[in-house]
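Could you fit the two chains together into a complex? Lean on the hints.
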Amino acid sequence: MSNIGLGDGSQTVSLVVLTAMLIASAMGVVLLQNIVYAAFLLGACFISVAGLYLLLNADFVAAAQVLIYVGAVNILILFAIMLVNKRQDYQDVKYGALRSVVTGVVCLGLFALLGVTVTSTNWAVSPTIAKLPSTMVVIGQHFFSDYLLPFELASVLLLVALIGAIVLARRELLPDTVKVGQVDEDSLELLEKPKEQLVASK
Amino acid sequence: MSLEPFLIIAAALFCIGIYGLITSRNAVRVLMSVELMLNAVNLNLMAFSNYLDSASIRGQVFTIFVISIAAAEAAVGLAIVLSIYRSRDTVDMEQFNLLRW
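Protein sequence lines correspond, in order, to chains P and H. Residues are numbered in our numbering as their position in the first sequence, beginning at 1, plus a constant of 22. Residues are numbered in our numbering as their position in the second sequence, beginning at 1, plus a constant of 8.
Bound conformation, chain H alone (with noise of 0.2 Å):
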């Protein structure tokens, strides 16, 4: 086992995520593939943790950030997927065009 494999899988889910992200409906989804976006870069970092940097573990120290930044994140977009749906009553991301020109 070396470094290429965990890197390849780590680029095949985070293209799934980015699919993901642009065809969904629900927003609810889209926030699930940009978790998935996360989990990628996070085994991208482990990987090059473990194989560059084995001695002091810097990328493992900067997974445990990114972790704690994704969970916060999902927290409040939640609270505003749940704040629109109060007021539109629709989690279609086709109806959200109010920005739409």
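For reference, chain P alone in the conformation it holds in the complex (with noise of 0.2 Å):
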């Protein structure tokens, strides 16, 4: 139950909103032939998640999914579909229709057990949800006092993920003065320094 100021039949009836939003953009994530179509679903992910951390009152990590999620993370997928999109067919795999219906038939299963696991246990859920003045100010508590460290470290952390992530998509350019074989002078590449092949490639 959360204290944001809705009624009991419209915290349910916005459960069933998002919980049938949430799940159709999954799917098409998932199953979708375009890609651009699968990206934009997972947005709209990003967007019921968000909804559903506000029906648990959480307010502040609501926003952040929104902001961090939906304007960074799903960008910057788009970005990259649009840097190796290659329209091509794949070739068919063996048994491809087989492995498909065999995974789908294994995350069944588990989401039967799952299901039957959280409906089994005797969850030791407190009588009333405290209400807060603000969210906000006690995750900020925590991030300063006993959650220090780990504030510490994810920052680090996302440091070096940048720096890695710059050095693995770099480009080695060449210089303007340096004029390499028979260069197309109408050809508006920049001029790279060839890629040394690990193997050779089909």
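Covered, in the sense of this in silico footprint (three residues per stretch, anywhere, with C-beta under 8 Å from a C-beta of chain H), are these stretches of chain P:
| hint | segment |
| --- | --- |
| 1 | 39-49 |
| 2 | 55-61 |
| 3 | 66-78 |
| 4 | 93-105 |
| 5 | 111-121 |
| 6 | 136-142 |
| 7 | 175-182 |
Sample of chain P residues facing chain H (criterion: CB under 10 Å; computed from the structure):
| hint | residue |
| --- | --- |
| 8 | 30 |
| 9 | 133 |
| 10 | 146 |
| 11 | 172 |
| 12 | 186 |
Note that these hints are calculated values from the structure, not bench results. Values in this document were obtained by computation on a predicted structure and should not be read as measured data. We put the beta carbon where it would ideally sit given N, CA and C, even for glycine.
Shown next as structure tokens:
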């Protein structure tokens, strides 16, 4: 039960609507052929999850979810799709349909196992939900008292990941004064150093 | 509204993410499925934080850490996919078979 100013019925309706949106978008992400549609439906998934966080009394985390996931991660995925957008039909793999069916069965089995575990455990649910004046204040107090070390480590990790992503994805561009072989004067491409092939590609 | 509906929704999202992770041919879709799984885990943490620990919302603190780690991992993963695309000219997961015996 959340402490937002909605009645009980409205909260249930919101939960049902958000769940339907979430499950439909998630199925679209994994099943649609067009990868751009899948990326946009992933954004819809993230927004539904933010709505579910609001139903769980988490205003700050819902805002952080929209900002970080929809605003940064989803845009990054869309740019990556733009850069690796090679329209090719995949060659059929042996037993492709059978593999999908078996995976589907295994995932359904896992969902059944998780569902049975969830419904058969006696969760020690507290009788009342504390009404905090501001979750952001409590989160801030945690970050600077008992969760200080993970907070600092997370900032170091973000720095390392940023530098690592730049190193992995950069191109070694040749400076302007060097002409390599036959350079087409009308070409608009940036000259790069030829990448050494690790293995002979087919 | 009680605890169990949220846990079941999170379990369903996690299983959809696993299905997408295993059956996708496109490497970017694999990373999108990993993001779905991370969101399922976050939803689980938030549900427990609200119904079991609502005074000191430690589940929400944990969720913020998971969100930031997931963003960093998405950046590095997509940089790797881009780098592979530059040298192999494909993003088909079936073609990335250098380590296969």
